[in-house]
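Listed in order, the protein sequences are those of chains A and B.
Numbering of the first sequence is given in UniProt numbering, commencing with residue 1 and proceeding in unit increments.
Numbering of the second sequence is given in UniProt numbering, commencing with residue 1 and proceeding in unit increments.
No lab work stands behind these hints, which were simulated from the structure alone.
Some clues are possibly wrong.
[Said to hold, decoys possible] Chain B stretches covered by chain A per the calculated footprint, using a threshold of three residues with CB under 8 Å from any CB of chain A:
id, segment
1, 56 to 66
2, 216 to 226
[To be verified] Computed list of chain A residues with no C-beta within reach of chain B, every gap over 12 Å:
id, residue
3, Phe-58
4, Phe-83
5, Ala-253
From the three backbone atoms N, C-alpha and C, an ideal C-beta is built for every residue, glycine too.
Letter by letter, the chains look like this.
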Amino acid sequence: MGTDDRTSRRLGQRPRRHATARRNLRNGLLFISPWLVGLVVLQAYPFFMTAYYAFTDFDGLNFPPHWIGIQNFSTLFTADPQFWPSVTNTLWWVVTSVPTSIVVGVLLALLLNRRVRGLGIFRTVFYLPAMVPFVGGSVLFLWLFNPAGGAINSILGGLGLGSPGWFSDPSWAKPTLLLLQLWQVGPSMIIFLAGLQDIPAELYEAASIDGASAFRKFCYITLPLLTPAIFFNLVLGTIWAFSYFTQALVVSAAPSSLGGSHAPGGPADSTLFYSLYLYTQIFQNFRLGYGAAMSLLLTLVVIILAAVLFRTGRRWVFYYDHQA
Amino acid sequence: MAAAVPFLFPVYWLATGIFKPSSTLLQTPPVWWPTAWTLANFRSLAGYTDVNLGDYTLNTLYISGFSVVATLVSSSLVAYGFSRIRFTGRNVLFGILIATMILPTWATLIPQYVLFKWLGWLGTFRPLTWPYLFGDPFTIFLFRQFMLGIPSELTEAAKIDGANEFTIYWRIMLPLLKPALTVGAIFVFINTYNDFFGPLIYLTDSGRYTLSLAVFQFVQLRGAPDIGAIVAFTALVTTPLVVLFFFAQRMLLAGIKLSGLRG
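Let's have the full structure, built from the sequences with the hints guiding it.
Structure (structure tokens):
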């Protein structure tokens with residue numbers, strides 16, 4: 001294409017170059033038109049409407065909704081007893097689940113990156129839980145961690161250890177969800193594994209000749225070259241953690257006989273994550289304007305956080321140039 | 001090696017639990033290995049007249065199947081535009097596409113819900129399937145990466161012979177894209193099969209429930225007294241993806257690598 005342009009310029013055929021550019025623009029837009037239409041209809045327009053509804057008392061029925069200014073936001077910040085718990089639960093979730101998923105993912109990837117026999121089997125073992133659908137995994141964990149007769153408490157009892165109430169105990173419900181999250185760490189582990197396998201063996205060989213210890217090799221070769229994978233999992237993991245929903249709803253809404261608390265976000269609002277609270281406001285209380293205000297806040301936080309991560313990422317993410 | 005135990009145990013517990021008598025599933029001390037193998041849990045699940053396993057399966061497969069086909073067609077077209085045609089504004093638009101992947105579902109959910117309601121789509125499969133006709137950003141990204149790796153010599157000759165862009169897309173690009181299409185199909189299938197939130201908010205009639213949603217409702221209604229049926233239901237929902245994993249393992253892992261980090 002580039003050569004084409006240069007040739008026409010040399011021959012002074014400007015009109016033809018313009019024609020090519022115009023044809024490319026037309027063809028290009030034509031090919032991407034499915035996405036362009038979707039962008040307008042399903043992304044851009046709804047996003048601006050969310051921003052608009054956030055300042056109304058929209059209930060989903062009465063058009064046009066009442067403009068109430070910043071009332072939704074002032075209610076959220078000062079007069080909603082469940083808003084701040086949902087915020088702190090979510091921050092707890094982001095701060096614990098994202099780093100532990102990265103650490104466990106990296107450790108498992110290191111474990112699998114060594115040439116051990118039956119590697120394929122181990123890779124399957126660690127990835128398999130990630131193939132269990134979210135609802136299935138949540139129900140399975142309700143059963144395993146049932147305070148009355150669940151396998152985990154039986155094992156702990158046999159070892160002479162305590163038997164927590166897990167999902168039914170406000171102080172244990174979030175950590176138990178964290179266990180479920182780490183059980184399904186497979187996808188990020190695979191991304192780390194791909195990153196590890198991308199590191200050229202020569203680097204390790206050269207370091208060995210220089211007499212570097214395994215620890216130094218890890219600190220000066222493995223870790224720096226793994227930063228792109230860490231960054232990738234950090235950004236996506238953080239964004240997803242802010243929208244964490246399904247597992248929390250399934251385990252908390254389950255009846256108490258199964259170890260749940262029969263209330264979304266229970267027990268005692270301990271699993272009332274931001275998205276779960278948002279869901280109840282929209283689909284149970286039909287406060288769509290209020291929900292739009294919460295959606296807008298969440299979106300702004302996610303955008304700001306992504307921007308901060310990308311900005312700081314430039315300082316610590318290290319891309320190894322394979323051509324060099 | 002010991003690290004494998006906590007990862008494997010829940011899978012083992014589910015796989016053996018389905019064959020144990022319901023009365024022993026929440027028993028202390030636990031039954032580690034089924035002594036009297038039984039299929040009673042599945043019979044008890046099938047015995048509920050309000051549970052239509054066949055319908056749930058067909059509904060789920062319809063939604064996933066539609067989404068997969070729609071995504072492959074639309075995303076490959078869009079990816080072709082983004083990777084093989086040099087047009088003004090292309091990079092800006094692609095930047096926007098990447099940015100939309102960061103947006104949480106909530107950013108657009110309420111107006112989308114209102115729109116679908118206005119269209120009379122609530123309670124139908126359309127809110128769960130039709131959006132895929134507009135392409136899936138992640139799949140577009142995946143296909144674009146793959147297309148960028150295809151040398152332009154392969155298409156230049158056709159262009160000189162007078163083939164238009166669509167012919168090149170259809171005759172040359174799509175056949176070459178087959179490995180990426182397979183990977184994209186697997187990813188979309190897993191995501192739509194696994195989706196819970198969409199069916200939860202858009203499906204109203206229990207006859208149209210998907211498997212995930214049906215399990216959730218069943219668990220909520222029944223609880224521990226029906227643990228045998230719950231365990232059987234859970235295994236039923238889980239099995240297709242686990243089976244898919246075993247068949248598509250290599251491609252799935254390759255796809256994660258392909259979609260990963262190299263820009």
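TODO: Examine the segment 56 to 66 of chain B for residues whose CB is less than 8 Å from any CB of chain A, and state whether their number is three or more.
DONE: violated (count 0)
Open item on the list: Just want to verify: Phe-83/A was marked as not at the interface with chain B; is every Cβ pair farther apart than 12 Å?
Closed with: holds (15 Å)
Open item on the list: Over 12 Å from every CB of chain B: does Phe-58/A meet that, or does the non-interface label fail?
Closed with: violated (8 Å)
- [ ] Examine each Cβ of chain B, and state whether all of them lie more than 12 Å from the Cβ of Ala-253/A.
- [x] violated (6 Å)
Task: Within 8 Å of chain A (C-beta), three or more residues of the segment 216 to 226 of chain B - done: holds (count 7)
When the structure is compared with the earlier hints, violations turn up for hints 1, 3, 5 and for no others.
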